[in-house]
Amino acid sequence: MAKNRKPQTVVRKSKKNRDWLSKQFLEALRPSPLLSVSEYAEKFHMLPSSAAEPGHYKLSRTPYAKEILDCMGPDSTARKVVAWTGTQISKTEIILCTIDYYVTSIPCAMLLVSSNDTEAKNMVKLRIDPMIEASPQLKERISGVSGKRSGDTVGLKEFPGGFLALGSGEAPASLRSKPCRIAFVDEYDSMPDNCKGEGDPLDLVTRRTSTFSGREKVYVSSTCINGNSKIIREYNQTDKRKLFVPCPSCGHMQLIEWSRIRYKNNGTHVTDVWMECEHCKFPIRNHHKTKMLANGKWIATNPKPTDPTAVGFWMSGLYSPVGWQSWEQCVSIYLKAVDSGDPNMITSFYNTVLAEQYTEGAARPDYEILFERAQNSDYDTTTIEDCIPNQNIPNDVLVLTSGADVQDDRIECEVVGWGRNGRSKSVNYFVFYCDKDTFTSDPNNPVWERYRDVVINGTYIRQDGRRLVTQANAMDRGHNSHSVNALWYRTNSPRFFIVRGNGIQVSELSMEKQDKGGNSKRNNEWHGSKFRFYDVGVSTIKATVYERLMIRQHIRDGKTDTNTPFYCMFPANYPEHYFKMLTAEEFINDGKRGKWIKKQDRNEALDCRVYATAMWYKLEMYRLEPHQYDELERAVLSQDPLQKGRTASKQRTARLVSKGIRL
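In terms of the numbering used here, the sequence shown opens at residue 7 and continues consecutively.
Treat the hints with care, since some could be wrong.
Derived DSS-like pairs: lysine-lysine, alpha-carbon spacing no greater than 25 Å straight-line [unchecked claim]:
| hint | residue 1 | residue 2 |
| --- | --- | --- |
| 1 | Lys-64 | Lys-49 |
| 2 | Lys-246 | Lys-303 |
| 3 | Lys-297 | Lys-64 |
So the derived label-pair ranges between C-beta atoms look like this [as the list claims (entries may be wrong)]:
| hint | residue 1 | residue 2 | range |
| --- | --- | --- | --- |
| 4 | Asp-199 | Glu-639 | 45 to 51 Å |
| 5 | Pro-632 | Thr-465 | 27 to 33 Å |
| 6 | Arg-629 | Arg-221 | 54 to 60 Å |
| 7 | Lys-604 | Asn-398 | 31 to 37 Å |
These are computed hints drawn from the structure, not numbers from a lab. Beta carbons are placed, not taken as given, at the ideal position from N, Cα and C, and that holds for glycine.
My request is simple: use the sequences and hints to build the entire structure.
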């Protein structure tokens with residue numbers, strides 16, 4: 007009897023061994039769920055052969071990703087992770103690492119939303135499918151690429167214990183079908199504010215995670231756009247973390263900021279780039295970033311977040327690891343944008359590389375930098391109170407425009423000189439005061455004639471003796487419009503334009519409009535006349551003005567390049583308070599269109615510069631080709647120069663030179 011039982015015992019042990027081995031094999035394929043997301047990524051995540059650096063994912067290349075990844079882990083208290091970044095930061099790889107972790111460690115329902123259908127398909131084809139093929143642990147669970155097996159399609163990846171659904175920010179049906187525990191919203195700013203009438207895409211996604219209350223994770227990432235940026239709105243509700251890195255010389259912790267980037271170029275390419283340490287002024291080079299990033303620290307800058315369960319990370323493309331996007335490349339992109347004269351290219355640089363808003367919401371220029379720039383200028387002007395046309399205008403000025411702002415007791419006006427490629431030099435800033443106890447509300451106040459005689463009819467003289475007159479003069483009709491209309495009627499000049507500020511208009515200048523003016527009780531002479539005026543897109547032009555004020559002159563062969571497009575210069579004797587007025591406002595993103603608010607009471611200089619710039623658009627100087635600038639210059643030089651000490655004679659009959667510009 008005993009002999010007959012022995013073989014049966016061996017069989018049972020053999021079966022147990024097979025079961026045990028099978029179990030151990032399956033467990034070996036499942037990484038320990040005790041690993042954090044960053045630990046898992048470092049140990050198991052694979053980059054496909056199509057990646058720039060294929061093979062095992064190395065957190066040492068992007069050490070700043072560790073904290074972001076771990077906030078997406080089950081042990082983190084964060085329920086929403088917001089990443090507002092520039093380009094070349096590996097934000098998409100952070101999404102892929104997290105997907106890899108949950109598929110293999112904690113299987114669950116997940117949703118990945120791209121900005122549109124095309125981007126969703128590209129995400130699958132170019133990123134997710136290659137990741138699956140490169141990772142044994144993923145390939146075991148989601149075998150093959152899209153469409154090669156049941157349950158694996160472009161829009162859905164199924165695996166034991168869960169799925170990954172792919173959605174589009176333009177397709178509400180893909181955002182509300184099934185509940186999910188983990189959701190990713192990529193390039194949020196590129197999505198519509200209202201997804202086909204069903205609401206904000208992020209709101210639709212968040213509702214899908216509500217059934218997993220306390221265990222859900224929503225990751226939102228994007229570069230920003232102008233105006234109403236959704237990613238900035240979300241980031242502002244978080245603790246607003248920023249990456250501080252140490253100076254390689256003094257160890258001072260600081261942000262990598264564009265405002266401290268310095269560069270040299272030789273006219274064809276960038277020759278040297280460095281960032282100045284804000285503490286010791288040490289020239290930090292691009293190659294220093296490897297150690298700086300390794301020792302970087304995320305620091306929360308908002309102690310009272312609106313949403314205590316949300317964490318936010320901001321990082322510009324200047325943090326891109328060595329070997330990816332260098333500072334030299336960033337400067338080259340910037341210079342190309344500036345040289346093009348295309349505001350959209352400059353805006354794109356700030357949005358995608360610097361992770362900043364620019365065209366609407368441009369950073370407020372530093373008035374002290376502008377004041378210092380003026381003090382180093384090679385020309386000056388008459389004092390503001392003298393109200394005498396400048397007789398010392400730099401020789402590269404070809405055209406003059408002006409902008410005037412009307413107050414109760416005065417008219418303030420700036421005359422701006424324009425050269426090639428949008429370069430500008432402030433020529434005069436006038437303040438025409440009313441006589442004592444009189445006001446601009448009186449159309450017959452002598453202050454109106456003083457303005458006309460100096461600004462519109464005055465003669466301005468360059469340093470070489472050539473004479474100029476203002477080609478286009480704008481006056482805001484927003485205050486005491488009846489008096490402004492009366493001046494327009496009496497002046498009857500094709501160079502004088504009434505304008506009205508329009509805060510929501512996108513274009514710089516509207517088509518000409520007509521308004522029936524007149525008030526018989528005030529001035530019978532112009533009663534019933536039709537007054538032509540233009541709406542000025544003040545928000546758009548203010549942003550353009552701020553763009554230009556922050557442009558720094560290029561350095562070529564170690565020397566300052568005086569031909570930098572759109573560079574702004576000022577007389578050496580302009581007072582400090584002028585520059586405070588010029589930078590008096592700041593753009594605030596209020597979640598709608600945004601708005602400009604005063605940071606100090608006086609902002610007349612900014613208004614005047616806006617209207618003078620509107621006249622630059624009126625003359626269509628942005629359309630001028632180099633040969634047309636040559637024609638302008640020849641016309642100016644054809645005059646006999648005025649001898650020093652002589653009084654300017656009356657201008658000869660005006661003649662059309664180009665694009666409506668008369669000399």
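So, going through the hints one by one against the coordinates:
| no. | hint | result |
| --- | --- | --- |
| 1 | Lys-64 x Lys-49 | holds (9 Å) |
| 2 | Lys-246 x Lys-303 | holds (13 Å) |
| 3 | Lys-297 x Lys-64 | holds (15 Å) |
| 4 | Asp-199 x Glu-639: 45 to 51 Å | holds (48 Å) |
| 5 | Pro-632 x Thr-465: 27 to 33 Å | holds (28 Å) |
| 6 | Arg-629 x Arg-221: 54 to 60 Å | holds (59 Å) |
| 7 | Lys-604 x Asn-398: 31 to 37 Å | holds (33 Å) |
In summary, this structure violates none of the numbered hints.
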